[in-house]
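Student: Residues per chain, in single letters:
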Amino acid sequence: MRPPSPSIPEKDFFFSALDQALRLDGRDFLEARPHSLSFGAELGHVECSLGKTRVLAQVDAKMVRPEPQRPFEGLISIHCELSPMASTEYEPGRQSDEEIALARMLDKIFRRSDTIDREALCILAGERVWHLRIAIHALADAGGLLDCASLACAAALRHFRRPDVEVVGANEVIVHPPALRAPVPLALHHTPYCITFACYRAAPEPSAAAAKGAGAGTVAGQTETAPRVLLDPAGLEHRLAQGMLHLALTPQRELAVVHKAGGLPLAPGVLMGAVQVAARRARELEAWLDVRVREDWVRKKVEVR
Amino acid sequence: MSSRIEILNEGGFRSDGRRQYELREMTFDSTAQAGADGSARVAHGLTEVLVSVFGPREARVRAQTLHDRASIHVEATIAPFSSTSDRRRRGRGDKRTLELAATIKATFEPVVQTSLYPRSQIDIFVHVLQQDGGVLQASINATTVALVNAGVPLADYVCAVTGGVHAAAPMLDLTSLEENDLPHVTVASMPRSGHLTLVSMETRLHVDRFEEILRLAGEAGPVIHKEMRAVVRQRTKDLLDGMGKGLRESNPAEAMIEDE
Amino acid sequence: MPVVLPGEVIQTQHKTIKLGPGLQQISNPEEKTAMTVTRAGTLEQNAKGNQFWVEGNSRRYVPAAQEPVIGIVSARQGEGWRVDIGYAHQASLDGLAFEGASRRNRPNLKVNSLVYARVSLAHKDMEPELECFDAQTRKAEGFGELKGGFLVRCSLKMSRNLLNPNYFLLPLLGSRFPLDTALGTNGRVWISAKEVKQIIVAARCIEAADPDGGGMDQNAIKKFISTLDL
Numbered sequence: 001m002r003p004p005s006p007s008i009p010e011k012d013f014f015f016s017a018l019d020q021a022l023r024l025d026g027r028d029f030l031e032a033r034p035h036s037l038s039f040g041a042e043l044g045h046v047e048c049s050l051g052k053t054r055v056l057a058q059v060d061a062k063m064v065r066p067e068p069q070r071p072f073e074g075l076i077s078i079h080c081e082l083s084p085m086a087s088t089e090y091e092p093g094r095q096s097d098e099e100i101a102l103a104r105m106l107d108k109i110f111r112r113s114d115t116i117d118r119e120a121l122c123i124l125a126g127e128r129v130w131h132l133r134i135a136i137h138a139l140a141d142a143g144g145l146l147d148c149a150s151l152a153c154a155a156a157l158r159h160f161r162r163p164d165v166e167v168v169g170a171n172e173v174i175v176h177p178p179a180l181r182a183p184v185p186l187a188l189h190h191t192p193y194c195i196t197f198a199c200y201r202a203a204p205e206p207s208a209a210a211a212k213g214a215g216a217g218t219v220a221g222q223t224e225t226a227p228r229v230l231l232d233p234a235g236l237e238h239r240l241a242q243g244m245l246h247l248a249l250t251p252q253r254e255l256a257v258v259h260k261a262g263g264l265p266l267a268p269g270v271l272m273g274a275v276q277v278a279a280r281r282a283r284e285l286e287a288w289l290d291v292r293v294r295e296d297w298v299r300k301k302v303e304v305r
Numbered sequence: 001m002s003s004r005i006e007i008l009n010e011g012g013f014r015s016d017g018r019r020q021y022e023l024r025e026m027t028f029d030s031t032a033q034a035g036a037d038g039s040a041r042v043a044h045g046l047t048e049v050l051v052s053v054f055g056p057r058e059a060r061v062r063a064q065t066l067h068d069r070a071s072i073h074v075e076a077t078i079a080p081f082s083s084t085s086d087r088r089r090r091g092r093g094d095k096r097t098l099e100l101a102a103t104i105k106a107t108f109e110p111v112v113q114t115s116l117y118p119r120s121q122i123d124i125f126v127h128v129l130q131q132d133g134g135v136l137q138a139s140i141n142a143t144t145v146a147l148v149n150a151g152v153p154l155a156d157y158v159c160a161v162t163g164g165v166h167a168a169a170p171m172l173d174l175t176s177l178e179e180n181d182l183p184h185v186t187v188a189s190m191p192r193s194g195h196l197t198l199v200s201m202e203t204r205l206h207v208d209r210f211e212e213i214l215r216l217a218g219e220a221g222p223v224i225h226k227e228m229r230a231v232v233r234q235r236t237k238d239l240l241d242g243m244g245k246g247l248r249e250s251n252p253a254e255a256m257i258e259d260e
Numbered sequence: 001m002p003v004v005l006p007g008e009v010i011q012t013q014h015k016t017i018k019l020g021p022g023l024q025q026i027s028n029p030e031e032k033t034a035m036t037v038t039r040a041g042t043l044e045q046n047a048k049g050n051q052f053w054v055e056g057n058s059r060r061y062v063p064a065a066q067e068p069v070i071g072i073v074s075a076r077q078g079e080g081w082r083v084d085i086g087y088a089h090q091a092s093l094d095g096l097a098f099e100g101a102s103r104r105n106r107p108n109l110k111v112n113s114l115v116y117a118r119v120s121l122a123h124k125d126m127e128p129e130l131e132c133f134d135a136q137t138r139k140a141e142g143f144g145e146l147k148g149g150f151l152v153r154c155s156l157k158m159s160r161n162l163l164n165p166n167y168f169l170l171p172l173l174g175s176r177f178p179l180d181t182a183l184g185t186n187g188r189v190w191i192s193a194k195e196v197k198q199i200i201v202a203a204r205c206i207e208a209a210d211p212d213g214g215g216m217d218q219n220a221i222k223k224f225i226s227t228l229d230l
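Chains as they are written, first to last, in the working numbering: chain A, 1 to 305; chain B, 1 to 260; chain C, 1 to 230.
Hints are computed from structural coordinates only; laboratory data are not their basis.
Just to be clear, a hint being listed does not mean it is correct.
Straight-line distance between alpha carbons at most 30 Å, and here's what the computed BS3-like set of lysine-lysine pairs gives [as the list claims (entries may be wrong)]: (1) A/K11 with B/K105; (2) C/K157 with C/K139; (3) A/K11 with C/K197; (4) B/K237 with B/K226; (5) C/K223 with A/K52; (6) A/K52 with C/K222; (7) C/K223 with C/K197; (8) C/K15 with A/K11; (9) A/K11 with C/K110; (10) C/K139 with C/K197; (11) A/K52 with C/K157; (12) C/K124 with C/K18; (13) A/K11 with C/K194; (14) A/K52 with C/K197; (15) B/K95 with A/K62; (16) C/K157 with A/K11; (17) C/K110 with B/K105; (18) C/K147 with A/K11.
Fair warning: this is a prediction, and the values are worked out from it, not measured in the lab.
Given the sequences, and given the hints that come with them, work out the whole structure.
Tutor: As structure tokens, this is what we get:
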């Protein structure tokens, strides 16, 4: 059974709060929920939370024979699982539309944007390459699942290290166990961060509150009649959104994915304003992730004398 | 990802002889399928898409009806013979076709005035017949014309165009050869307001370059819009001619159309 | 009160006892009265010691007769409506179960509107039924459609806490600003106040005080309110 759609009072209240530039959880329009990471014992095992949304990402690598068309490139596959555990909205069995959309977006963000250097995954041309398998499990969905999943995925890729290998002679491969030789981090070209915005139609009359909201941080180029754009929508904000905009950016101000499929039409200026906000946030996330991953690596390191 | 083919030569010509901002030839055929309530076959150069629209009609599956508006149902198929590189048969579960369908559905949901037809369904069938870059662009343009032909009320036209960047030089309407090598963006805009309903990009691009393409695509929208309007007007005129063969002199509606 | 877990056996001297949720009587060859616990929680009993129940916290509502609930109208059905009350099945609300309703003059509820109603029938083999009046007096007694305001979702324990007149939260909020509430036992609370801000504060406080969420006590909530913009 599908959960009931938001009731009329909930909907009305949400929009009247929006008219006064208020969000239900007290955030500013361009404020995201708090995020946190916890690393598992294994390398490449990361649990990420964004507000009440939680995602588990796990990276592992195994040796396989490369595809005949691409003998120098490793393989990467991303698997997503949205089980009914995450939210009552998901049903067991058949892949839901949300699951397909999530898998496609993660595929675009991490695989098609060339995040991972595939040639660096090659061990022996045409014979042996690494196959990276990224498994994403949604543990709880309270909105913003894609953002959380991509952050978890980015963290897992940074955290993961593959065993060191050595090629001896023509086609003999030696895998050094992590206890003997330090495992090698993946060669990543860049790390994209996915940032989601929800858009709502402009207030019927430009209210005084909208002007007040400008101080609280609105997207640049957002005038009083422009649609309202919220960063990191959660719960009711997600379900009542009139348009969604997903942006994946690298900290170097490069867009990896722009996905705005339908929904509320946006003026180019508003879109670019959102891009600038996202670029700033991507930089912040990068700095934060860097520190967290390094902390964990230092903690894990065992000195051998 | 560099190819051996020169994307843009020193004279400023692309591999098929076009200039940077030049669009490929567009053909719109709005009489493509007689059985449908509205249909269109749209070609951008060698990319060709056929779209048929049925409805608003009673929904096949009662459970899918919405009590306050019409539901839009999109089904896309990519013909196995449509491209030279990838001749596989794509079944119903194929992710790429599902995504194409989902994108078209999401693009048209806010544009079609669905609240006029509660509890009914509008079916849109998209067939990709030939691919040479810009499949999404052609599908959206074809769907717009097909919906107009079917008489489905729309808030505005939706005009889509693809843009790409080659070594800091932006270009429009990419062929598949260019699409494979360049970062590209598909933008669908509503020409009346200039607002964007769809922006989709899957390859890495710097924010500043992206802004440039967005601006260019915004300029290309009205051009495509003009072509679409001409086709719709011609079709309306043909219908009127067929209706009132003997009444030509005394038909004020026709005079109005010729006026424009 | 002792914490009990499913499977525990409790014995009592009383001959005639009444069991509430979470307990099941077991037949005992000896003369003693015994019961097993079927839910985790704290074991509660009345002053006389002949009524027992387990107080726990869950999120899924199971209707019991006479409990007030807040429902969302999900569809019209013949003379009445189908209402979502957070249970596994939809409840039905008869069009005539309102104060002053007659065949000619029935209230008009839209799909997705909120109703405050009482469970009039709760049986495991039947769909639950709701009513928006007192069946004896035929007066509304506060039940009916809820207009405006906002719906807050919380755990079942929290909604029972709020119904307890000795619980600190609502008086505390009431001392700051006037507010209307409708409390459903199905983990839904409706709040209405003059300002949007006040409703947001109330909603966030309920979430913060929920034993299933923030779990703040009175002092923590007081501090929390002072950090909010009112």
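Student: Confirm or reject each hint.
Tutor: Status of each hint after checking the structure:
| no. | hint | result |
| --- | --- | --- |
| 1 | A/K11 with B/K105 | holds (24 Å) |
| 2 | C/K157 with C/K139 | holds (29 Å) |
| 3 | A/K11 with C/K197 | holds (16 Å) |
| 4 | B/K237 with B/K226 | holds (16 Å) |
| 5 | C/K223 with A/K52 | holds (23 Å) |
| 6 | A/K52 with C/K222 | holds (24 Å) |
| 7 | C/K223 with C/K197 | holds (17 Å) |
| 8 | C/K15 with A/K11 | violated (53 Å) |
| 9 | A/K11 with C/K110 | holds (14 Å) |
| 10 | C/K139 with C/K197 | violated (33 Å) |
| 11 | A/K52 with C/K157 | holds (20 Å) |
| 12 | C/K124 with C/K18 | holds (19 Å) |
| 13 | A/K11 with C/K194 | holds (17 Å) |
| 14 | A/K52 with C/K197 | holds (23 Å) |
| 15 | B/K95 with A/K62 | holds (26 Å) |
| 16 | C/K157 with A/K11 | holds (26 Å) |
| 17 | C/K110 with B/K105 | holds (28 Å) |
| 18 | C/K147 with A/K11 | holds (12 Å) |
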